[in-house]
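There are 2 protein chains.
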Amino acid sequence: MPATAPDVFLTPKALLDHWQGHRRLTRRTIEAFPDEQFNSFAIGGMRPFGTMAVELLRMAAPTVNGVLTGDWAEGASADPKPKADVLRLWDESTKQMNDLWPKIPVARFHEKLNAFGQYEDVAYRLIMYVIDNEVHHRAQGYVYLRALGIEPPHFWERD
Amino acid sequence: MPATAPDVFLTPKALLDHWQGHRRLTRRTIEAFPDEQFNSFAIGGMRPFGTMAVELLRMAAPTVNGVLTGDWAEGASADPKPKADVLRLWDESTKQMNDLWPKIPVARFHEKLNAFGQYEDVAYRLIMYVIDNEVHHRAQGYVYLRALGIEPPHFWERD
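Those sequence lines, one after another, are chains A and B. Heads up, the first sequence is in this note's numbering, so the first residue is 7 and it goes up one at a time. Heads up, the second sequence is in this note's numbering, so the first residue is 7 and it goes up one at a time.
No lab work stands behind these hints: they were computed from the structure. A virtual CB, placed ideally from N, CA and C, is assigned to each residue, including glycine. Errors might be hidden in some of the hints.
Stated by the list, open to error - Okay, the calculated beta carbon distance ranges per label pair: (1) Glu117/A <-> Gly81/B: 48 to 56 Å; (2) Phe122/B <-> Gly123/A: 43 to 51 Å; (3) Lys118/B <-> Ser46/A: 44 to 52 Å; (4) Ile49/B <-> Pro88/A: 25 to 33 Å; (5) Gly123/A <-> Asp91/B: 24 to 32 Å; (6) Val112/B <-> Glu37/A: 18 to 26 Å; (7) Ala90/A <-> Pro88/B: 31 to 39 Å; (8) Ala84/A <-> Ala79/B: 44 to 52 Å.
To be verified - Restricting the straight-line Cα-Cα distance to at most 27 Å, the calculated cross-link-like pairs of lysine-lysine (DSSO-like) are: (9) Lys19/B <-> Lys101/B; (10) Lys101/A <-> Lys89/A; (11) Lys101/B <-> Lys109/A; (12) Lys89/B <-> Lys19/A; (13) Lys118/A <-> Lys118/B; (14) Lys19/A <-> Lys101/A; (15) Lys19/A <-> Lys101/B; (16) Lys19/A <-> Lys87/A; (17) Lys87/B <-> Lys19/A; (18) Lys109/A <-> Lys19/A; (19) Lys89/B <-> Lys101/B; (20) Lys87/A <-> Lys101/A; (21) Lys87/B <-> Lys19/B; (22) Lys109/A <-> Lys89/A; (23) Lys87/B <-> Lys101/B.
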């Protein structure tokens with residue numbers, strides 16, 4: 007039997023790999039936006055993709071840090087930022103997440119936590135929500151790119 | 007230590023609960039479309055949401071069945087369908103998935119499989135891809151709804 011046999015669908019390591027694969031794709035989606043549309047273009051009264059990307063920055067690494075330390079500071083400000091600044095913060099988050107994740111005790115993922123002082127749930131569900139929220143808003147970025155006549159990155163490429 | 011202590015981020019049961027929560031939200035997104043726009047409205051040369059919904063039907067229950075049995079038939083035809091038919095097939099898939107999932111041996115999720123004769127990967131990654139693809143296309147449906155002046159269902163509600 008492999009080491010993961012008991013009742014494992016996903017190990018913590020597999021989840022981080024999965025998440026960082028999504029984050030690489032989201033990074034390419036941010037890169038695909040023209041600078042001048044990043045914080046302005048929108049459809050149907052929704053937010054520009056730049057605003058969504060900042061929300062993702064304020065959720066990903068801060069959630070990993072919160073699950074590990076109990077400190078739920080959101081890191082980056084919510085203000086709109088030029089694309090280059092978002093990409094720089096994105097890369098800093100990637101490194102921070104890779105550093106912090108292995109330090110989280112496995113049992114912690116099954117404890118009920120209060121994220122950012124307002125979302126109470128079991129840690130693994132809080133983390134899945136953060137990833138789902140990224141996939142959700144990135145897909146909206148795909149529609150914005152298509153509406154701008156730009157081909158988005160391939161959904162299935164996560165390297 | 008809880009039963010899930012060893013190296014578990016997600017158990018198979020937790021993953022199915024997570025997936026069905028997403029599928030309930032996607033069902034509400036399908037319901038929110040006016041019949042006359044379901045198979046016609048699109049942005050930027052993308053597919054109508056009805057076509058995407060049929061793709062999701064052809065991936066979800068068929069993947070669960072494929073992982074369990076090795077039979078990778080796609081079930082429903084790829085033809086566009088009225089919204090009521092998609093919802094009926096959706097509910098049939100929900101029941102089928104709930105019936106088949108607990109029969110999958112846990113070790114199977116960590117075996118390399120060839121899904122639909124063309125996607126070779128470890129089973130848990132194939133399954134995560136199917137869920138991600140649903141979240142991705144549903145979010146595009148959200149943009150279509152907003153562009154039509156319709157408020158989509160709340161993203162965080164999964165009951």
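Verification of the hints:
Our hint of 48 to 56 Å for glutamate 117/A and glycine 81/B is violated, since their Cβ atoms are close to 39 Å apart. Checked against the given bound of 43 to 51 Å, the beta carbons of phenylalanine 122/B and glycine 123/A, roughly 44 Å apart, stay inside it. Hint check: lysine 118/B to serine 46/A, Cβ distance near 45 Å, so the stated range 44 to 52 Å holds. A hinted range of 25 to 33 Å holds for the C-beta pair isoleucine 49/B and proline 88/A, which are about 26 Å apart.
For glycine 123/A and aspartate 91/B, the hinted distance range of 24 to 32 Å is not satisfied, since their beta carbons lie about 45 Å from each other. The beta-carbon spacing between valine 112/B and glutamate 37/A, approximately 39 Å, falls outside the hinted interval of 18 to 26 Å. The hint said 31 to 39 Å for the Cβ distance between alanine 90/A and proline 88/B, and at roughly 47 Å that hint is violated. The hinted window of 44 to 52 Å between alanine 84/A and alanine 79/B holds, with their beta carbons roughly 48 Å apart.
For a cut-off of 27 Å, the pair hint linking lysine 19/B to lysine 101/B stands: about 15 Å separates their Cα positions. With a C-alpha separation of about 19 Å, the suggested pairing of lysine 101/A with lysine 89/A holds against the 27 Å cut-off. A threshold of 27 Å between alpha carbons decides the hint, and for lysine 101/B with lysine 109/A the separation of about 39 Å lies outside it, so the pair is violated. For the given pair, lysine 89/B sits about 40 Å from lysine 19/A by alpha-carbon distance, which is inconsistent with the 27 Å threshold.
Taking the CA atoms of lysine 118/A and lysine 118/B, the gap is about 33 Å. The hint is violated against a cut of 27 Å. For the hint pairing lysine 19/A with lysine 101/A, the CA-to-CA distance comes to about 15 Å; that is within 27 Å, so the pair holds. As the CA atoms of lysine 19/A and lysine 101/B are separated by approximately 31 Å, the hinted pair breaks the 27 Å bound. This hinted pair does not check out: lysine 19/A and lysine 87/A have alpha carbons roughly 31 Å apart, beyond 27 Å.
For the hint linking lysine 87/B to lysine 19/A, the alpha-carbon distance of about 40 Å lies beyond 27 Å, and the restraint is violated. Proposed proximity of lysine 109/A and lysine 19/A is supported: the alpha carbons are some 11 Å apart, at most 27 Å. Restraint check: the Cα-Cα separation between lysine 89/B and lysine 101/B comes to about 19 Å, which is no more than 27 Å; the hinted pair holds. For the hint linking lysine 87/A to lysine 101/A, the alpha-carbon distance of about 20 Å falls within 27 Å, and the restraint holds.
Between lysine 87/B and lysine 19/B the alpha-carbon distance is near 31 Å, which puts this suggested pair outside the 27 Å criterion. Between lysine 109/A and lysine 89/A, the direct Cα distance comes to roughly 31 Å. Violation of the 27 Å bound is thereby established for this hinted pair. Proximity of lysine 87/B to lysine 101/B is assessed by CA-CA distance (about 20 Å); at most 27 Å being required, the pair is judged to hold.
Hint check: violations occur at hints 1, 5, 6, 7, 11, 12, 13, 15, 16, 17, 21 and 22; the rest are consistent with the structure.
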